[in-house]
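Student: In case it helps, mature numbering (1 follows the signal peptide of the UniProt record, and there is no 0) puts the sequence shown at residues -16 to -1, 1 to 1157.
Please note that a few of the clues may not be correct.
As the list claims (entries may be wrong) - Calculated lysine to aspartate or glutamate pairs in the DMTMM-like style (CA-CA distance at most 20 Å, straight line):
1. 562 to 627
2. 121 to 108
3. 562 to 153
4. 1137 to 924
5. 12 to 153
6. 454 to 627
7. 934 to 924
As the list claims (entries may be wrong) - The calculated label-pair distances, taken between Cβ atoms and stated as ranges, are:
8. 498 to 5: 38 to 48 Å
9. 68 to 483: 45 to 55 Å
10. 884 to 1097: 31 to 41 Å
11. 986 to 188: 32 to 42 Å
12. 1081 to 990: 29 to 39 Å
13. 976 to 707: 32 to 42 Å
14. 880 to 491: 20 to 30 Å
15. 1129 to 1081: 45 to 55 Å
16. 1149 to 718: 34 to 44 Å
17. 1097 to 59: 32 to 42 Å
18. 483 to 1129: 48 to 58 Å
19. 188 to 22: 54 to 64 Å
Everything labelled a hint here was simulated from the structure, so no lab data went into it.
The beta carbon of each residue, even a glycine, is placed where N, CA and C say it ideally should be.
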Amino acid sequence: MHFLPLIAAFAGLASALPSAEPHVLHEKRDGLPVAWRHHSRAERSTVLPVRIGLKQRNLELGSRYIADVADPKSPNFGKHWSAEKVANAFMPSQETSDKVTNWLVSSGISANRLSHSVGRNWIEFTATVDETERLLKTQYHVYQQKESKGYRIACDDYSLPQSVRGYVDFIMPTIQLDGLKPVSQASPALQAGPHNNITGLTGIEYCDQVITIDCLRAIYGIPVASTNHSGNELGIAEWADYLYLPDLKVFFENFTSPKIPANVTPDFISIDGGKTSNLSLALLGEVVESALDFQTSYSIIYPQGIRQYQNGDSINVDSVGTFNIFLDALDGSYCSYEGGDQPYIDPAYPDPNEYGYTGPLQCGGAPMSNVFSVSYGQIEGALPRFYQERQCHEWMKLALQGVSVIYASGDSGVANRYNSGYNNTCLNADLGYVDQFGAKFSPSFPVNCPYITSVGATTLLNSSIYGGEKAVASPNGPLSFYSGGGFSDIFERPSWQADAVQNYLDKYSPKNYTDVQFNHSGRAFPDVSALGLNLATVWTSNATRGPQLYGVGGTSASAPIFASIITLLNEERLGQGKGPIGFLNPTIYAHPEMFYDVTVGSNPGCGTPGFPAAPGWDPVTGMGTPIYPKMKDVFCGLPLAQDDTILHQEAANPSNTVNKRELRDLVECIAHGLRTNYGIGAQGPNKDVVTVISYGQVLVSAAFFGVIAAGGVYSAASPSSTVAELARQVKIGNSRLLICGKEHEAVTAKAAKECGLPLSSVLLLESSPEWKLRSLEGGIDVVSSSRLSWQKITDRQALKGLITILWSSGTTGLPKGVMLSHENLVAETYITALSGRQWAAKEIEKGNELPAVQYRTLGHLPISHIAGLFGYLLAPMYSGGSVIWMRRYNWENMLQCLKQYEITAFYTVPSIFLRISKSPEVTDHFKHLVGASTGAAPMDGKLQMAANAKLGSGQDAMIGQTWGLSETTGAITMMPKGGSDTTGSISPILPSVELRMVDDDFKDVESGQEGELLVRSPLVTNGYYNNPQATEDAFHDGWFCTGDIGSLRDGKFYIVDRKKELLKYKGLQVAPAEIENVLFTHPQIKEAAVVGVPAPDDPGTDWPRAYVVPVAAGAVSEDDVKAWVADRLAPYKQLRGGVMFVDGELPKNAIGKFLRRELRDRAKREMSIKAKL
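Using the sequences plus the hints, can you model the full thing?
Tutor: Okay, structure coming up:
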């Protein structure tokens, strides 16, 4: 430790003058720890090295600083601090240093006896026992440790002047006593003996006997590692256990896949005398912990490397304070700025004892790792509060710098280990000190620190990798083993775990446990868990037999597994150009979906059954065990879009915007208003239907999510609905509340009246000049000042709950209410985004730099359709992009917006792409485009290429086709990013989608033949709202019948037409869409639609009849049109029903599909008139 002397000359000792100001108690030790005995009164002339730790600044802001860089919802996630910024933020003030210095001088400790640390954290001086007793109003005694026979001088309590106490953190030496052992160490004692065959237990079929890397990959979904970014080496800290390299080589040869080369070794970092291993240490069993840590970790993360931080000489390895020498070596500010090492707790270097380390204390210089795995700990109740708080603050500072610190939670359940012979030690229920027979649960240190990630232990349930996991319960053998967990008596519960822990206390904690057993408001641990029993470990326990395979256990097995997973995730993030994750816990608790929920087992101790595992978080297994793919999705998706990212903007009024923070606030306010004013969701979810009719606008997203957050069901009405159509939908949906935009106020009010609903049950959605959701009757504005937080869904069945009803377009019949669930919408969002992520990963692997593109799309399709709902309300939220809203589609306005807002992502229907391809006014409108797609109807390859020529800078094959229905939550096929196709195919099917093509008897058709497409997927609806018959008709043996006719040619899928739209000509099928695609290619045809009319001499035969909108009046004749088709299609597909020319536009629904029903009605009228004539 480096000190700056205030006076160069050291003055002689002087008698301290008593302070006139009354003293108040500063610290007190409750009772004498079980490992110590009182020896004698301290000699008054004995000289003590006194250190005063000064209060640091801004420690109360630590959790706020952490949340800013580690909360997954923070825009500053991952923006970690520099070491210099950390030091400056917490350095004690000059006022603090002056206040304590003046007190000491006024009390007789002259200024020339005082030294101050560089960072003002410490004041040091020497004084006799007599001086110190009078200074601190205390008495010093000599205590002897029962095992080592070592002596310490300490007091039971001490006091400070009231005016000084607030500036002092603690004083040394006072109440501190040491001599502790780690609470979690790997133990082969849990295995009856070595396995006879060291090579015969690989593969998942042996996971019930020994856990190898094959088991871990199968259970947790861990991929085979392939990258090793420099600086991302995993850090493993060791004390009193030494890595024996011959064992590591044998493990590599037999238990890694792919096999790790024998010459691979960790980077060895010796800290204050840390040494390498040899055979004698292996035979003594002092290599098992290191063997487990390094063998397990290498098998997961190789080719990434490992740093071995070997701490302390053989004299001091068991000292509790060796955690501080580790921190000293990592961060020089801890010893030169903070002076974190404590006399009588921390080892002192140089050490004059035999075998002691004779070099100076290492202060900085050791490389910092992004992740540290530590399998050691001590008892909270045996250490002074100040010591733990001071060190916890240091872990907090490392967290601010982006370091993930992962500790084993302990192996004694709710009890603890205290020296050899005290393996189930608890606390005295009255005074809180360590007591072998105490009734109070004994939490561990430093896992009690909120800034540590604590890992508990599990084992296979029913001895199968497919049967889940349970908390470890291995009560027999030299070391009884239960997953450590509990509640701190020192540290308060941090905000990020408050809800999860309170849920456990309310529902599952044994009701007979009171504050006698544990602190109900303390920091709870563990945070997570991982397998911790029978981990494959090679150890030379006998020189004759040589290396043997053992199944090793302990939470010290679980910690390196979890730390290795985090190292892999950091590899993924570094590959994306991001930084390390850093502090994990806020994200762990915010995303329970990342973990398998372990609900079986308990952690006995202290004469009790301990805590039971339970759904959600529990003090046995934490949030559960890792699901690597889901952890990757979450951690690699951070940071999310920043709070000021504009998500919604009105095209006609660019100043009318909603950013991410505003939307989050609006949703919770609307949810509260709907619940309190209208009881939406009050009787439970999936019951209260809210009908919404509006054009696209910036607040539609808030209404959508607000209804769902309240517990309601969002029912989307077409903006083109008449009063009768809207009233019918309201009645079928049993809706008792309607929301409308300004343009639909009159229609909605009339529909409500027809349904018997008062105007108070109609809410008007307004975004300008103020955000409002007010009733037409007045008096109620649902945008309240209070909030209703989202309910997190953890129950699998609840994911299937109804949240949205979309009404099928009705082009061929009356609309039906398509029911969509949480699972449907989340699955569609995730699966459709997957290809983009996979493409990005491949580009990074190639060394290519990803383009920085801001996602901007144009909202011009109706939000009542799945394309608008998903494309404008869900996908941009997930991508952190902006939606520019057009109230209604208008060709001229669309072209203007494409240029003005530099649209980068564009989805529209084939009819609009047709107009784009034929319009000379489309020039550079798409120059910022990076992605385009189409759906809702088949699109011919020639039209696709013609439209492509107008997009971007003439880029080829930019448009990707998708195919899906409202019943499949939208797209179930999609062109992967970077892929292309110009044949008119609907692109490859998405993951988790199964597709069949069948004939009318539901028999699979051969490749090249046409058949109806059947789908099975998590994306498929559960059916139609209040329409069981339609639901039954739509499914066949669990497959959804889409009604679309398709074919598979050359490995690609093509849509022919809707089954109901197919025409029959003399027994042959004719698809109107195929004829339409041919007509679209005619240069003088703007739009065209084909329907069937009955043949005059054969009512069972359909004649195709075309309705055509020419580019200009008279530009094309009927004969021209028929000839164009005759040259390109088979004779049975000709326009025998005639060609009719239409002025303006053909009738379409809101999504742009041709309303063939109206055209058929028109044809009947025309043919009836002709017949009469």
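Student: Does each hint fit the structure? Answer for all of them.
Tutor: Cross-check of the supplied hints:
{"no.": "1", "hint": "562 to 627", "verdict": "holds, 19 Å"}
{"no.": "2", "hint": "121 to 108", "verdict": "holds, 19 Å"}
{"no.": "3", "hint": "562 to 153", "verdict": "violated, 38 Å"}
{"no.": "4", "hint": "1137 to 924", "verdict": "holds, 15 Å"}
{"no.": "5", "hint": "12 to 153", "verdict": "holds, 14 Å"}
{"no.": "6", "hint": "454 to 627", "verdict": "violated, 40 Å"}
{"no.": "7", "hint": "934 to 924", "verdict": "holds, 16 Å"}
{"no.": "8", "hint": "498 to 5: 38 to 48 Å", "verdict": "holds, 40 Å"}
{"no.": "9", "hint": "68 to 483: 45 to 55 Å", "verdict": "violated, 36 Å"}
{"no.": "10", "hint": "884 to 1097: 31 to 41 Å", "verdict": "holds, 32 Å"}
{"no.": "11", "hint": "986 to 188: 32 to 42 Å", "verdict": "holds, 38 Å"}
{"no.": "12", "hint": "1081 to 990: 29 to 39 Å", "verdict": "holds, 35 Å"}
{"no.": "13", "hint": "976 to 707: 32 to 42 Å", "verdict": "holds, 41 Å"}
{"no.": "14", "hint": "880 to 491: 20 to 30 Å", "verdict": "violated, 57 Å"}
{"no.": "15", "hint": "1129 to 1081: 45 to 55 Å", "verdict": "violated, 34 Å"}
{"no.": "16", "hint": "1149 to 718: 34 to 44 Å", "verdict": "holds, 37 Å"}
{"no.": "17", "hint": "1097 to 59: 32 to 42 Å", "verdict": "violated, 56 Å"}
{"no.": "18", "hint": "483 to 1129: 48 to 58 Å", "verdict": "holds, 54 Å"}
{"no.": "19", "hint": "188 to 22: 54 to 64 Å", "verdict": "holds, 57 Å"}
The earlier numbered hints that this structure contradicts are 3, 6, 9, 14, 15, 17.
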